[in-house]
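A.B. asks: Dock chain B against the given chain A, drawing on the hints supplied.
Chains as they are written, first to last, in the numbering used here: chain A, 1 to 642; chain B, 1 to 177.
Just so you know, the hints here were simulated from the structure itself, not pulled from any lab data.
All figures in this text were calculated on a predicted structure; none of them were measured in a lab.
Heads up, a few of these hints could be off.
Computed, partial: chain B to chain A, Cβ under 10 Å [said to hold, decoys possible]:
1) L7
2) V18
3) G76
4) L115
Derived SDA-like pairs (lysine to any residue); straight-line CA-CA distance at most 20 Å [unchecked claim]:
5) K107(B) with E593(A)
6) K107(B) with A513(A)
7) K107(B) with W241(A)
8) K107(B) with P388(A)
9) K107(B) with A392(A)
10) K107(B) with D51(B)
11) K107(B) with F390(A)
Label pairs and their calculated CB-CB ranges [stated by the list, open to error]:
12) P80(A) with A50(B): 40 to 50 Å
13) R53(B) with E521(A): 26 to 36 Å
14) S23(B) with R37(A): 43 to 53 Å
Glycine included, every Cβ here is placed at the ideal spot set by N, Cα and C.
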Amino acid sequence: MIPELGHFALVLALLLAAAQAVLGLAGGARGRAELLRATGPAVAGQFIFVLVAFAALVVSFVNGDFSVEYVAANSNASLPLFYRITATWGGHEGSLLLWALCLAGWSLAVALCSRRLEPEFRARVLGLLGIIAVGFLLFLLTTSNPFARLWPAAADGRDLNPLLQDFALAIHPPLLYLGYVGFAVAFAFACAALLAGRLDAQWAKWTRPWTLAAWICLTLGIALGSWWAYYELGWGGWWFWDPVENASLMPWLAGTALIHSLAVTEKRGLFVNWTLLLAVAAFSLSLLGTFLVRSGVLISVHAFATDPARGLFILGFLAVVIGGALGLFAWRAPRAAAGGGFAVTSRESFLLFNNALLVVALALVLLGTLYPLFLDALELGKISVGPPYFEAVFLVPMLPLVLLLGLGMHAGWKRGGLAGNGPRLAWLGGAALLVAAVIAAAVYGGIRPLATLGLALGLWVMASALLVLLARRLSGARLPATIVGMSIAHFGLGLTTLGIAGVEAFQVERDTALAAGEGAELAGYEFRLIGLRHGLRGPNYVATEAEVAVMDGDRRLATLRPQKRVYDSGGNPMTEAGIAVGAARDLFAALGEDLGGGRWSLRLQYKPLIRGIWLGALLMALGGLIAAADRRYRREAGEGAR
Amino acid sequence: MKRIILLSLPIALFVVLVVFFYSGLQRDPSVIPSPLIGKPAPAFTLESLADPRAQVGSLDFRGRPYLLNVWATWCGGCYQEHAVLLSIARENRLPLVGLNWRDERGKAQRWLEELGNPYAAVAFDGDGRAAIDWGVYGAPETFLVSAAGVVLHKHIGPMTAEAWQRDFVPRLGQAEP
Numbered sequence: 001m002i003p004e005l006g007h008f009a010l011v012l013a014l015l016l017a018a019a020q021a022v023l024g025l026a027g028g029a030r031g032r033a034e035l036l037r038a039t040g041p042a043v044a045g046q047f048i049f050v051l052v053a054f055a056a057l058v059v060s061f062v063n064g065d066f067s068v069e070y071v072a073a074n075s076n077a078s079l080p081l082f083y084r085i086t087a088t089w090g091g092h093e094g095s096l097l098l099w100a101l102c103l104a105g106w107s108l109a110v111a112l113c114s115r116r117l118e119p120e121f122r123a124r125v126l127g128l129l130g131i132i133a134v135g136f137l138l139f140l141l142t143t144s145n146p147f148a149r150l151w152p153a154a155a156d157g158r159d160l161n162p163l164l165q166d167f168a169l170a171i172h173p174p175l176l177y178l179g180y181v182g183f184a185v186a187f188a189f190a191c192a193a194l195l196a197g198r199l200d201a202q203w204a205k206w207t208r209p210w211t212l213a214a215w216i217c218l219t220l221g222i223a224l225g226s227w228w229a230y231y232e233l234g235w236g237g238w239w240f241w242d243p244v245e246n247a248s249l250m251p252w253l254a255g256t257a258l259i260h261s262l263a264v265t266e267k268r269g270l271f272v273n274w275t276l277l278l279a280v281a282a283f284s285l286s287l288l289g290t291f292l293v294r295s296g297v298l299i300s301v302h303a304f305a306t307d308p309a310r311g312l313f314i315l316g317f318l319a320v321v322i323g324g325a326l327g328l329f330a331w332r333a334p335r336a337a338a339g340g341g342f343a344v345t346s347r348e349s350f351l352l353f354n355n356a357l358l359v360v361a362l363a364l365v366l367l368g369t370l371y372p373l374f375l376d377a378l379e380l381g382k383i384s385v386g387p388p389y390f391e392a393v394f395l396v397p398m399l400p401l402v403l404l405l406g407l408g409m410h411a412g413w414k415r416g417g418l419a420g421n422g423p424r425l426a427w428l429g430g431a432a433l434l435v436a437a438v439i440a441a442a443v444y445g446g447i448r449p450l451a452t453l454g455l456a457l458g459l460w461v462m463a464s465a466l467l468v469l470l471a472r473r474l475s476g477a478r479l480p481a482t483i484v485g486m487s488i489a490h491f492g493l494g495l496t497t498l499g500i501a502g503v504e505a506f507q508v509e510r511d512t513a514l515a516a517g518e519g520a521e522l523a524g525y526e527f528r529l530i531g532l533r534h535g536l537r538g539p540n541y542v543a544t545e546a547e548v549a550v551m552d553g554d555r556r557l558a559t560l561r562p563q564k565r566v567y568d569s570g571g572n573p574m575t576e577a578g579i580a581v582g583a584a585r586d587l588f589a590a591l592g593e594d595l596g597g598g599r600w601s602l603r604l605q606y607k608p609l610i611r612g613i614w615l616g617a618l619l620m621a622l623g624g625l626i627a628a629a630d631r632r633y634r635r636e637a638g639e640g641a642r
Numbered sequence: 001m002k003r004i005i006l007l008s009l010p011i012a013l014f015v016v017l018v019v020f021f022y023s024g025l026q027r028d029p030s031v032i033p034s035p036l037i038g039k040p041a042p043a044f045t046l047e048s049l050a051d052p053r054a055q056v057g058s059l060d061f062r063g064r065p066y067l068l069n070v071w072a073t074w075c076g077g078c079y080q081e082h083a084v085l086l087s088i089a090r091e092n093r094l095p096l097v098g099l100n101w102r103d104e105r106g107k108a109q110r111w112l113e114e115l116g117n118p119y120a121a122v123a124f125d126g127d128g129r130a131a132i133d134w135g136v137y138g139a140p141e142t143f144l145v146s147a148a149g150v151v152l153h154k155h156i157g158p159m160t161a162e163a164w165q166r167d168f169v170p171r172l173g174q175a176e177p
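Here chain A stands alone, though its shape is the one from the complex:
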């Protein structure tokens, strides 16, 4: 009964989304008060029914209703309650339903928080969001119904993929989807501005906090995914350039470019067309990612469903939404006013560099991801583009980006100059290079050029970001939340850069075969296998756990407990790494195979500065949050619209 209620709620949500689209767009075009007033309730209704559908699916999972095909495929009776709930989005159908819920949630938030926008503009935005919702709900109902019944019902379910039975990965998809779908709001704002022909700075001010909110979620989502891969896959790697990871990186790069170009458009009325295009691009890339992941046109280790009907539907949807928006852009954008000029060292030109470099990075990732597809379609053979390509080309735009960022933060609008911080920055730059060289030589025993440059760039951005705060503080200037947020986010980026440079250049790994009581040396520490415990019973798995003591001389520095788990539902054994976390380094051990004779293979790793990668991402998100909470968005957004 409950699944049928969910199914029915989904149909109602589709009808309300259609009403939202028609009412919103017709109301926006005609300006009729009754249409405008009806749009908001349609949004609320759509949200409620999608929520009901989602709740129905969660309840089916919690109750273990294995007569529902999707539940039977993605959970089983021995799964702990927490993972039974998160299994709701563990497969294709549930992921899409979560996606629809995120979209409905964002739409409701726009409806509630934009009462002070012009009524016509607000109606258009909600109408455009309605079109996207119609597309997704139709997709769910026609090709990916999560409530389809299984007859006869399964006695027990197949189980949630054990890789997904993890806290970080349970909350990674919701954050990622909130980010992806959040860009739909910026997309709808841009299209509404194009439809209305209002291509001024005002829409940029309205769009900024929404874009930031989506970007924050996406940043956190990507960072969580990377962290999970590090401790769960047993490799100690943190980024694999898999098509699915690229699908999340591309909207992030476009979104990062967008939040920066929005600043220029808002403050100076410049780059209007470019900003509109980025707003369209950020969401288009989110959709493209969905298409790539769900249609099976690319082979990926993440590949979920390879159903041609699904691929065709998403492609059609993609063509309508993105094609429509870009067509609108080609038609309406020529009306936008050209802005004024700016000096070479002004903040405008630094932000222009930022955008150009981010878009180059985006294009390189897009090219690498789609290249196999192009060659195949042109009958030129089949190839695969691996991490070697991405690692080599991604640095090319990223190094100058980070270098210029340190200067750009201090540049003034229009006329340029570094607000009197020029000499200080020269000192900071020199000091960063010196400190990096000293760290590389003293701590890691060698000045390698690229590694030292990476460390120096990270330190440079962190120092420059602190200088922004300090210089303002000393001169007694005001410190608005946007500036504080900007500095924190950029400090975070510096920290991430530092972490990447440190771990990529100075990590040490070693594969060993140890018996109990034996030890192996790595990076000046002794990793000693104390013993093994077999048959540890978890809620739905049996684990073998090793106890590894990390010794610094005679002192026990840390105890690592890597596990190898065999889940009751079968399949390959899963590794659970044992990690001792530290600010300066992680010590990592993953348990391998039983080599016989009491010896086990162990992969030991020394990962300097790796925490910086995720801590930096957290700070970026925190900075975004502080900037988005700036009072002027709440105050002036409303007043400007009057």
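C.D. replies: Below, chain B without anything else, positioned relative to chain A:
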């Protein structure tokens, strides 16, 4: 006019992209049979992974059926299929030949030490030349080569126990001399 052309560029590019996607949907990359099926397997002679001075070549296995498995340490699918390869090797029906593709020798050697080595021999294809001859699309890929040196089947993506039973085992009879 120039401005209009410039601003229409994004939609033009997008249309091209959609055409490619559409044609991509028509061809499932994992189903397309290799043009090599039924043809003689490409010859190769490469350095051995274990020892750069030794060589591994297609001639070493002449007169015997073998499985050629293309793998690399940077490939997640290879990690996934490794246990399946180990169990196939334990069945002892035919030798597995590894083609270590665009990899680093040290990493690849450690991989085998840690995870176990299912291969009778591993050829090191650092620059990917041999993989081009074999029409390798991406790692992992597995080819069944008969005793007469003819490619009988190609499996794209991680090897699974089901694929082994379904696609390979029935062809083993055909592969014998």
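A.B. asks: Would you list, in rising numerical order, the hints stated earlier that this structure does not obey?
C.D. replies: Hint check: nothing fails, all pass.
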